[in-house]
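Enquirer: Read off the chains here:
2 protein chains.
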Amino acid sequence: MANVIARHLEEDIVLGRRHPRERLVEQDLCDRFETHRGDVRLALFELEKKGIVERIPNRGALVRDLTPREVLEIYAVREEVEVMAARILPLPVAEKDLSTLEDLQTRHSAAIDNDDMLTVFYANLEFHQTLFGLCGNSCLIETIKQLEQKVYGIRFYANAFPEALERARADHVDMIRALRASRRDEFVALTRRHLQPSPKAYIRAYERRFSGAKRA
Amino acid sequence: MANVIARHLEEDIVLGRRHPRERLVEQDLCDRFETHRGDVRLALFELEKKGIVERIPNRGALVRDLTPREVLEIYAVREEVEVMAARILPLPVAEKDLSTLEDLQTRHSAAIDNDDMLTVFYANLEFHQTLFGLCGNSCLIETIKQLEQKVYGIRFYANAFPEALERARADHVDMIRALRASRRDEFVALTRRHLQPSPKAYIRAYERRFSGAKRA
DNA sequence: GCCGGGCATATTGTAAACAAAATAATTTAT
DNA sequence: ATAAATTATTTTGTTTACAATATGCCCGGC
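Going down the list, the sequences are from chains A and B.
Taking the numbering used here, I'd label the letters of the first sequence as residues 307 to 522.
Taking the numbering used here, I'd label the letters of the second sequence as residues 307 to 522.
If you are wondering where the hints come from, they were derived from the structure by calculation, not from laboratory data.
A hint or two may mislead.
One copy or any two copies: either way a pair holds, since identical chains are not told apart in the list.
Claimed, not checked - For lysine to aspartate or glutamate, the following EDC-like pairs were computed, each having C-alpha atoms within a straight-line distance of at most 20 Å:
1) Lys402 x Asp318
2) Lys451 x Glu492
3) Lys355 x Asp371
4) Lys355 x Asp345
5) Lys451 x Glu376
6) Lys402 x Glu328
7) Lys506 x Asp419
8) Lys451 x Glu354
9) Lys402 x Asp480
10) Lys506 x Glu317
11) Lys355 x Glu469
12) Lys355 x Asp477
13) Lys355 x Glu448
14) Lys506 x Glu408
15) Lys356 x Glu340
16) Lys451 x Glu401
17) Lys402 x Glu354
18) Lys356 x Glu448
The model shown is predicted, which means the values in this text are computed figures rather than measured ones.
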């Protein structure tokens with residue numbers, strides 16, 4: 307139960323339905339999810355440890371706001387571990403796995419065309435999890451997932467630039483092609499490149515956000 | 307409160323006071339720590355997410371038992387991220403930090419001589435945290451810490467071989483020397499080497515453990 | 001004598017009530 | 001009218017009681 311609440315909250319944050327520094331009041335969440343505070347509490351503790359929300363003792367939880375510096379640091383680590391996965395991934399990749407990736411990429415692409423951000427999010431998530439799942443090291447897979455979750459809060463801002471989604475879509479196609487041809491160096495380079503736009507886009511949005519409004 | 311329970315349990319596990327697959331009953335822990343089940347519960351959830359205990363729904367928590375494969379996977383990722391920290395660490399290191407490291411190393415060394423495993427554990431922990439703390443990327447520091455915690459359960463077995471502790475002590479001295487001389491390549495190599503013995507020792511112990519006893 | 005059903009116990013999961021802390025609002029004094 | 005102090009409200013933290021689930025035990029049937 308606590309897990310489904312946590313997932314819903316993650317979704318809300320990714321889709322921009324909840325903004326950084328927004329308060330998350332336990333009773334409100336109980337009403338929304340029709341449960342008691344115990345579960346909500348657990349979910350908030352979980353999200354705190356994931357780095358998605360911030361909890362201040364005796365004051366409650368709020369959606370965490372990442373500074374540009376924190377975002378850059380997270381992406382630096384992501385690059386390291388995702389490139390590691392790309393390096394150790396056994397080649398060639400089974401045809402079955404390649405076609406799974408193609409299916410997910412197709413869904414992702416269609417969702418972009420339909421402006422269906424919910425599906426964009428989940429299809430993208432599954433694509434990456436399937437992709438890195440191929441590396442065979444489950445600790446590495448989990449680490450990659452955790453780091454991805456840390457930046458959920460910035461996805462909405464990053465995706466606000468339409469060219470970012472376009473670029474992601476194109477990257478996915480290139481990645482599948484590189485895997486199919488068992489061209490590891492190319493795949494590693496694509497993995498690296500794929501991580502570049504998001505932090506840049508967020509930082510642009512962040513600076514724009516604070517040019518008019520004053521810091522809280 | 308939940309945090310201190312969690313830390314105590316971690317300590318118990320590291321020092322071999324609680325063994326893999328041992329059950330952790332909520333009420334027992336309440337008695338031991340003189341608190342109510344809410345806190346104990348939270349601590350167990352926390353340790354589950356850290357990968358130190360395993361929780362089976364409606365059946366309770368047990369100390370997690372890692373397979374050799376899992377241990378090797380974790381150490382592969384540790385090597386990647388710790389080497390990253392060694393690569394990006396700004397050189398030269400301030401004299402203040404070097405002497406802090408030397409202090410911790412001295413404490414660690416003395417504790418080994420006194421067979422004081424509790425101090426060995428904490429001095430070693432602080433040494434590594436101070437060392438990697440120098441890299442400046444807080445996400446990376448946290449990732450390293452998390453991965454270190456995942457293998458708490460095997461520490462007791464790894465430390466059972468006295469030569470492992472000797473080797474660790476010598477490595478620490480070499481690392482400080484390399485840092486003082488700002489010899490990055492050497493420091494990176496030492497970081498890598500320092501991670502080799504533990505998984506090997508654990509796997510030896512693991513196989514010995516299952517040569518006589520049957521699998522549960 | 002062994003297998004299976006049912007009862008008793010142990011243990012976890014859920015919910016609600018209570019207590020403490022922080023914030024907001026109101027009153028009072030200067 | 002403003003600022004400080006006091007009260008009221010909101011929100012989180014803790015505790016206890018209750019319900020559900022799983023496990024072990026005992027007894028009866030085959």
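Enquirer: Hints broken by the structure, by number, lowest first?
Expert: 1, 2, 6, 7, 10, 11, 12, 14, 15, 16 and 17
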